Amino acid sequence: MRTLEDATRVREEQLTQQLRNAERDKNLMIATLRQEGLLTTYQKNRTAAIQSMDIHAENGQRPARAAGVSGSKESLSNMLANLQSLGAALLNDDDDNEDDEEPV
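If you're matching positions, the sequence shown starts at 0 in numbering that gives the first Met the number 0 and goes up one per residue.
To be clear, the hints were calculated from the coordinates, so they are not data collected in a lab.
Bear in mind the structure is a predicted one, so any value in this text is a computation, not a measurement.
All residues carry an ideal CB built from backbone N, CA and C; glycine is no exception.
Do not rely on the hints blindly, as some may be mistaken.
Claimed, not checked - Cβ-Cβ distance ranges computed for the label pairs, FRET-style:
#1 D5 x D53: 26 to 32 Å
#2 T2 x I49: 38 to 44 Å
#3 L82 x M0: 36 to 42 Å
#4 A87 x R23: 30 to 36 Å
#5 N58 x T2: 30 to 36 Å
Based on the sequences and whatever the hints tell you, model everything.
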């Protein structure tokens, strides 16, 4: 029984550290977006994604969750999705800026 408790505690500490790292990365990404003037674009994309999730939830189309998935893990995956959308927005903006800078 003690080993199971130890393993659970270690896993919880790992997830907590991952969550802290993801939050730090998110804050850095938001600061970068704010500095580059892309925060409004991110907020619009995020709002659209949340509304889409709400529509699916209202229709009863919630994604199935495995038993025992903690709120921290779900929060971590949401944060990862946010970071990926932020990164995509930055890459798209960089591509647009490179196209503007090419000589004609």
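Earlier hints that do not hold, by number: Structure breaks hints 1, 4, 5.
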